[in-house]
Amino acid sequence: MMSFLPQYPFTANPLLLFGLLLLAGLIGGEIAKRVLFAPRIVGYVLTGIGLGAGGAGLLDAKLVREAWIFVEIALGLILFELGRRLDFTWLRRDRWLAATGLIESALSFAFVFFVLTWLDVGLLYSAVAAAIGIATSPAVVMVVAQDLKSEGQVTERALYLTAMNSVIAYVTATMLLFWIHHEYRADLVTVLLHPAYLLAGSAVLGCVAAVIAIQLARRLGKSGRGHLVLMLALIAATIGAARMLGLQVVLVLLVFGVLSRNLDRRHDLMPFDTGPIGQVFVVVLFVVSGAIPQLDDLRTGGVLALVYVLARFAGKSLGVMSLTYFSGVRRGAAGLLCLALTPMSALAIAMVQDTRNLYPEFGARLAAIVLSAVLILQILGPVLVQFAFRRAGEAAEEKA
Amino acid sequence: MSEQAMEFRPSAGCSMGVELELQILNSRDYNLARDAADLIGMLEKNGTPGAVKPEITESMVELNTSIHAAHESLVRELRQLRDAVARAAERLNLRIAGGGSHPFHDWSDRRIYPTERFRHLLEVYGYLAKQFTIFGQHVHLGCPSGDAAIYLAHLLSRYVPHFIALSASSPFQQGQDTSYQSSRLNTVSAFPLSGQMPFVHSWSEFLGYFEKMRGYGIVESMKDFYWDIRPKPEYGTVEIRVFDTPLTVERAAALAVYAQALARYALAERPLPPSREVYMLYNHNRFQACRYGLEGAFIDAYTQKHTKLREDVLETLQLISPHASEPGSAGVLGELAESVKAGGSDAAWLREVFRERGSLNDVARMQSERWMGKTAVSA
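Protein chains in written order, with my numbering: chain A, 1 to 400; chain B, 401 to 779.
It is worth saying that the hints were derived from the structure and are not from the lab.
Hints may contain errors.
Claimed, not checked - With a Cα cut of at most 30 Å, we get these calculated DSS-like pairs of lysine-lysine:
| hint | chain 1 | residue 1 | chain 2 | residue 2 |
| --- | --- | --- | --- | --- |
| 1 | B | K623 | B | K612 |
| 2 | B | K741 | B | K705 |
| 3 | B | K445 | A | K149 |
| 4 | A | K149 | A | K33 |
| 5 | B | K530 | B | K453 |
| 6 | B | K623 | A | K33 |
| 7 | B | K623 | B | K530 |
| 8 | A | K149 | B | K453 |
| 9 | A | K149 | B | K632 |
| 10 | B | K632 | B | K453 |
| 11 | B | K530 | B | K632 |
| 12 | B | K623 | B | K445 |
Unchecked claim - Sample of chain A residues lacking proximity to chain B, with all beta carbon distances greater than 12 Å (derived):
| hint | residue |
| --- | --- |
| 13 | W68 |
| 14 | I69 |
| 15 | G152 |
| 16 | A200 |
| 17 | V229 |
| 18 | M244 |
| 19 | M270 |
| 20 | V303 |
| 21 | V329 |
| 22 | L358 |
| 23 | P360 |
| 24 | F362 |
| 25 | G363 |
Ideal placement from N, C-alpha and C gives every residue a C-beta, glycine not left out.
Construct the complete structure from the given sequences, taking the supplied hints into account.
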């Protein structure tokens, strides 16, 4: 009887999930903006926390896994756009900026590593957690900059430093895989070749995508719409290929972005702006990444997380404050840059997930430290970045 | 403004000085950036003080040369300033471009440079203040007296279409081809105090006019008049303000030399009396120059002759070349004549780049490469 009716319990599908997460995020974002006067991102994250395992429990581990593809698409778009901004020639002209990027990455790693080992966290855990902490959340910095239409030296330098420290974090964490594999008695081939495959594979795939993009764009001519479709198609295909080949989506897309700018000597590619499409994925990105860290993590790893956050901030700030003056930016810019580099978000979560997929036990213990720090910085980070860009006078005036 | 400021301070006959308003671009999509304060700050730190000043919005910067008698020293200083600004810009990941307009920026994105005067202008003129993000070259010509300045201003008015057509470099505005060679001046015309100096015959008569306007509370200083040509008593100069900023400093220097030779000719020979007819035909001739450049129609107020503007420019070049201040300047006038005959112009170059590349981002990029001295990149 009435077998045409759907059976209860209903089974959800990814599209329904995507739409609902988007709606929930939209509402949360507006509440954050209107009631808390906080950036919308904070609202998305709070929505995620509310829906996640620590809150209403609607967005459980299984649904998060289903929604993860959207997070990867969003991260891919953001990293690609960030990479497109990177012009190597600037780093050559302003070597102090390049030096700042190296020093702040090194110091934040060193500070976090030192403090964690001092608190009796195992060496390997400390090292991997410190490597993940090198990265500033590209999603938060990019999205806040776009939301505020922020433009100027603090914004530009924050984005460059973020791109640099994201790459350094990935490379460092990947190198540490040698050690993790060794610790878990993987065979020698895995120990040696897995990290090499990840780094080289990601670089090659990103490079191939960039070359294809430039070649096709040259034949396409200068059509804004055509280029948008072309780039979206290539970004989607590249993300898919990275997953298929077991490579790191984030690193591949960053390489794709950077090379599509720096190999494009004839300026065949038009400026790329994901526009509303990117924003849609961004909402889902933050809702899902809000749902992942669990409040339980914070309860067990609370003190460690706090120490982690402070040590990381101290390392980054020391690096930035010591060298930014030589770059010739105005007084006060260095302090604001330090604030702008604090966020941690989906990128850190993705790195934890990668380790979790390899060695669940190791990943779980790592998560307790890193994810509780992410929980704090996902909420605090956007507020600090927004403050920094506004204070620097680089946010656009609100249009009526 | 004190009485003293309106006292005309005589300066060496037909010395010249140049102001160039320049575009600050980002290196991402070559839209206008907002980094004027950081750029000026860096130049001050590196010891180029005074020569670089803020303009009404944060996307502009103004270069000022010192006073010159000859082309050679002028172009040398302009190149030095260009190199200093270009170096500072590169360190901040910015680009600098010439040209009278940015091809595709959206005026509503502009922000007023935070000084009291510029904020006041925003309050008075509203959106016009932001639309004023256009880029001109001003040429100052030294005059021995206030009366000479008044005479010179009237005489130069006949040649305003020349200045417009020779410098025209603003074919694009707000992402569109305007069909004009210089669309920049249409924006200037919207201001209530734009236009021309009144038909006065002496400095004392001019002062009478100025005092009246100040008495009404319409102006406070000479700065409030946005005339095409205005006397500048505190510098002892007549200032020509209709030039679009050219795409290169070399072109800017050549235009200054053209104006200088005209002024030397005018003040030495006093060939023509000030004429109301010039002002009757003024807007017609000016419009033709803005719209069609050197191809525009020109009516000579003194002879009532109709010609192409190009012909009148070439005739004038012949007439004034004996008045070039030195051999170097004469050579520059010769080159200018060649370029007029060849029909090239900055506006035409910009349109050609757009036709070739099909993207205004590329136009802005190549505009900046041309100004900063990297034409080789245009593969």
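Hint check:
Taking the CA atoms of K623/B and K612/B, the gap is about 16 Å. The hint holds against a cut of 30 Å. A distance of roughly 21 Å separates the Cα atoms of K741/B and K705/B; the hinted pair therefore holds under the 30 Å criterion. Proximity of K445/B to K149/A is assessed by CA-CA distance (about 28 Å); at most 30 Å being required, the pair is judged to hold. Using a Cα cut-off of 30 Å, the hinted pair K149/A and K33/A holds, with the two alpha carbons roughly 16 Å apart.
Note on K530/B and K453/B: the hinted pairing holds, with a Cα-Cα distance of about 18 Å set against a maximum of 30 Å. Using a Cα cut-off of 30 Å, the hinted pair K623/B and K33/A is violated, with the two alpha carbons roughly 44 Å apart. In summary, the hint linking K623/B to K530/B is supported, as the alpha carbons are separated by about 18 Å, within the 30 Å threshold. A C-alpha spacing of about 25 Å is found between K149/A and K453/B, which places the hinted pair at or below 30 Å, so the restraint holds.
Between the alpha carbons of K149/A and K632/B the distance comes to roughly 40 Å, so the proposed pair goes past 30 Å and is violated. Distance restraint check for K632/B and K453/B: the Cα-Cα separation of roughly 18 Å lies within the 30 Å cut-off, and the hinted pair is therefore satisfied. Taken as a hint, the K530/B and K632/B pair is honoured in the structure, with Cα atoms around 25 Å apart against an allowance of 30 Å. In summary, the hint linking K623/B to K445/B is supported, as the alpha carbons are separated by about 29 Å, within the 30 Å threshold.
Residue placement check: W68/A keeps its beta carbon more than 12 Å from all beta carbons of chain B (closest about 30 Å). Every CB of chain B is more than 12 Å from the CB of I69/A (nearest about 29 Å), matching its label as outside the interface. Distance to chain B contradicts G152/A as a non-interface residue, since its nearest Cβ pair spans about 6 Å, not more than 12 Å. Listed as a non-interface residue, A200/A keeps its Cβ farther than 12 Å from every Cβ of chain B; the least gap is roughly 29 Å.
With a minimum CB-CB distance of about 16 Å to chain B, V229/A clears the 12 Å threshold, and the non-interface call stands. Every CB of chain B lies more than 12 Å from the CB of M244/A, the least distance being 31 Å, so the non-interface label holds. Not every beta carbon of chain B lies more than 12 Å from that of M270/A, the smallest distance being close to 6 Å; the non-interface claim is violated. The Cβ of V303/A lies farther than 12 Å from every Cβ of chain B, with a closest approach of about 41 Å, so its non-interface assignment holds.
Against chain B, the non-interface label of V329/A is violated: not every CB pair exceeds 12 Å, the least being about 6 Å. The Cβ of L358/A sits about 37 Å from the closest Cβ of chain B, beyond the 12 Å cut-off, so the non-interface label holds. Every beta carbon of chain B lies more than 12 Å from that of P360/A, the smallest distance being close to 42 Å; the non-interface claim holds. Against the 12 Å criterion, F362/A stays outside the reach of chain B, whose nearest CB is about 40 Å from its own CB.
The claim that G363/A lies off the interface holds: its Cβ sits roughly 37 Å from the closest Cβ of chain B, which is beyond the 12 Å cut-off.
The earlier numbered hints that this structure contradicts are 6, 9, 15, 19 and 21.
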